[in-house]
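Got chain A; can you put chain B on it based on the hints?
Protein chains: 2
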Amino acid sequence: MTMSAEDLRQFEEYAQAVALAVEEELDALLPKPADSDDARLFEAMRYSVFAGGKRVRPLLILAANNIFGGNKKRAIRVAAAMECLHTYSLVHDDMPCMDDDDLRRGKPTCHKKFDEGTALLAGDALQTFAFEILSSADTHPNPAVCAKLVQSFAVGAGPLGMCGGQMIDLIAEQKDADTYDQGALARLQRKKTGALFTACTEAALILNSTSTSDWNRLTTYAKNVGLAFQMVDDILDEIGDAEKMGKAVNKDRERGKATFARILGVDGARRQAEFLVTQAIDQISVYGERAEILKLLARFVVSRSY
Amino acid sequence: MTMSAEDLRQFEEYAQAVALAVEEELDALLPKPADSDDARLFEAMRYSVFAGGKRVRPLLILAANNIFGGNKKRAIRVAAAMECLHTYSLVHDDMPCMDDDDLRRGKPTCHKKFDEGTALLAGDALQTFAFEILSSADTHPNPAVCAKLVQSFAVGAGPLGMCGGQMIDLIAEQKDADTYDQGALARLQRKKTGALFTACTEAALILNSTSTSDWNRLTTYAKNVGLAFQMVDDILDEIGDAEKMGKAVNKDRERGKATFARILGVDGARRQAEFLVTQAIDQISVYGERAEILKLLARFVVSRSY
Numbered sequence: 047m048t049m050s051a052e053d054l055r056q057f058e059e060y061a062q063a064v065a066l067a068v069e070e071e072l073d074a075l076l077p078k079p080a081d082s083d084d085a086r087l088f089e090a091m092r093y094s095v096f097a098g099g100k101r102v103r104p105l106l107i108l109a110a111n112n113i114f115g116g117n118k119k120r121a122i123r124v125a126a127a128m129e130c131l132h133t134y135s136l137v138h139d140d141m142p143c144m145d146d147d148d149l150r151r152g153k154p155t156c157h158k159k160f161d162e163g164t165a166l167l168a169g170d171a172l173q174t175f176a177f178e179i180l181s182s183a184d185t186h187p188n189p190a191v192c193a194k195l196v197q198s199f200a201v202g203a204g205p206l207g208m209c210g211g212q213m214i215d216l217i218a219e220q221k222d223a224d225t226y227d228q229g230a231l232a233r234l235q236r237k238k239t240g241a242l243f244t245a246c247t248e249a250a251l252i253l254n255s256t257s258t259s260d261w262n263r264l265t266t267y268a269k270n271v272g273l274a275f276q277m278v279d280d281i282l283d284e285i286g287d288a289e290k291m292g293k294a295v296n297k298d299r300e301r302g303k304a305t306f307a308r309i310l311g312v313d314g315a316r317r318q319a320e321f322l323v324t325q326a327i328d329q330i331s332v333y334g335e336r337a338e339i340l341k342l343l344a345r346f347v348v349s350r351s352y
Numbered sequence: 047m048t049m050s051a052e053d054l055r056q057f058e059e060y061a062q063a064v065a066l067a068v069e070e071e072l073d074a075l076l077p078k079p080a081d082s083d084d085a086r087l088f089e090a091m092r093y094s095v096f097a098g099g100k101r102v103r104p105l106l107i108l109a110a111n112n113i114f115g116g117n118k119k120r121a122i123r124v125a126a127a128m129e130c131l132h133t134y135s136l137v138h139d140d141m142p143c144m145d146d147d148d149l150r151r152g153k154p155t156c157h158k159k160f161d162e163g164t165a166l167l168a169g170d171a172l173q174t175f176a177f178e179i180l181s182s183a184d185t186h187p188n189p190a191v192c193a194k195l196v197q198s199f200a201v202g203a204g205p206l207g208m209c210g211g212q213m214i215d216l217i218a219e220q221k222d223a224d225t226y227d228q229g230a231l232a233r234l235q236r237k238k239t240g241a242l243f244t245a246c247t248e249a250a251l252i253l254n255s256t257s258t259s260d261w262n263r264l265t266t267y268a269k270n271v272g273l274a275f276q277m278v279d280d281i282l283d284e285i286g287d288a289e290k291m292g293k294a295v296n297k298d299r300e301r302g303k304a305t306f307a308r309i310l311g312v313d314g315a316r317r318q319a320e321f322l323v324t325q326a327i328d329q330i331s332v333y334g335e336r337a338e339i340l341k342l343l344a345r346f347v348v349s350r351s352y
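Here the protein sequences line up with chains A and B, keeping their order.
Quick note on our numbering: the first sequence kicks off at 47 and runs consecutively.
Quick note on our numbering: the second sequence kicks off at 47 and runs consecutively.
Rather than coming from a laboratory, the hints here were simulated on the basis of the structure.
Mixed in with the good hints, there may be bad ones.
Note that identical chains are pooled: a pair holds if it fits in a single copy or bridges any two copies.
Below are the DSS-like pairs computed for lysine-lysine, each with C-alpha atoms no more than 27 angstroms apart in a straight line [claimed, not checked]: (1) K303 to K341; (2) K158 to K303; (3) K78 to K221; (4) K341 to K221.
Predicted, not measured: the structure shown is a model, and the values here were computed from it.
Okay, chain A solo, but in the shape it has when bound (with noise of 0.2 angstroms):
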């Protein structure tokens, strides 16, 4: 499944526009650095940040939106809050007592760049800050609206979402690789990235939507784009280029960590992966023109080299 050139240009557009509102959203957000000791808090919490990134999640709480018509302005602080708590998870899963890394999008991680402590809170309070920003009048007028966001991001980032799947990881990787079959492998990363990428969706629906109908096909379709997405990146831990990617790759393989590319080969991996992104697609193809950009989102996801 490969993108033409156009279709590719229209979504990194599209993508490229996302970026730059949920970055001034945020950048207006976030508390700013003065003369005071907190300042190296919020210094770390903003470098992590605005530390690039594919803003995928925001991308896909837009999308979605869009095929709703919904407030865009609302929809962007949504996506800002999921991007702290996105951003939150990288921070501490690069700590020494989770992956370790040094590097994450050619830069040194936060706890590299400042140091643990600070590293452990930054991310700390970008959590908080997610449910502050959620929880305001100024995300949403109608305050059902604003407890129901937050429970459906509290639920996609908590014990058995997000962190429960984190865990399931920490401990595959004193396990022996081969213990793990496919299907072992797609429930810890439907917990570790499927979760938030359905809150993503959630979200998009908790503001525009109460049709059951819309909720099964942008939940499934959300499903399927993460399990996809992280079977991508198995790959690209096994071909990709450090380089472009900005961080160490080969990672997983010196670890001897189960992963979809181990278990299906790099072939079979994208097979995979192109036939969850199929399915996708046709979930929201009932919408037209209006699912435009969650389609490119999907198939992005399939071809992407970084």
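Below, chain B alone, put in the same frame as chain A:
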């Protein structure tokens, strides 16, 4: 300021009932370990939450709720969320990159009992879980109340509250203690400890009252009691009984850290704490009998020996 045996008995009876109710609620709410790899995360969350502790913050919420004759079941759920937040901050604060403590309440700290990665994730998940509880319709049927509770706790725990205070504290350890005066230390502690104490009384206000004078009275009470609580913590680190406290003492002195006991002397810090508590009690005397437990709580804070 000492407490009569009868006052202490009355207070401890109430405190034990609150602790029991909140622990029952937490037991019902927290995910239960089952036969899967994320069970380790749930075990670590439960280990830290049920490691004992004075449950001062839940008590503050229930006692303030009592002034207004508020719904007790709802206040207990909010108190359970607060205890998740407080426990997350302890778990992370005990880690080697922060205070590096091996013992808490007489038991191995979370990263000692499990490992650092698991402690990091357990703290993360406890924070998330607090917001999951608060945003649930089971906590309050009116989503506007839920959104306000999330906002209040997020502001209290976030970069301008507790996390900011922790950052200032982390930097303070590297600074010459003599560069700290009482004012600087009070500013630090108002964020580190005071912000969550204030969120406790705010919770009772959000559940029950929109009166400005109620807000002013209870917020002043919480700020004073929070600061007095920290002063007594500092005193107990100097002269407390390690066995009774269930953790190492004299740690701050050994680290050359600025504390109220060091700046004001043990007697000076005690006098200051008693003055703050007298002012706190004065603020709520207008509520008469209904504020009895809040008054006892304030007096317990300065007379406690653990």
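* Checking K78 and K221: alpha-carbon separation at most 27 angstroms within a copy, between copies, both or neither? -> Answer is between: at 23 angstroms across copies they meet the 27 angstroms cutoff, but 43 angstroms inside does not.
* To do: Could you figure out if K158 and K303 sit no more than 27 angstroms apart (CA to CA) within one copy, between two copies, both or neither?
  => both (24 angstroms within a copy, 25 angstroms between copies)
* Pop the pair K303 and K341 into one bin, within, between, both or neither, using alpha-carbon distances up to 27 angstroms. => Answer is neither: 31 angstroms inside a copy and 57 angstroms across each miss the 27 angstroms cutoff.
* Could you place K341 and K221 in one of the four classes (within, between, both, neither) given a Cα distance threshold of 27 angstroms? => Classified as neither: same-chain Cα gap 37 angstroms, cross-chain 54 angstroms, threshold 27 angstroms.
The structure is inconsistent with the numbered hints 1 and 4, although it conforms to all the rest.
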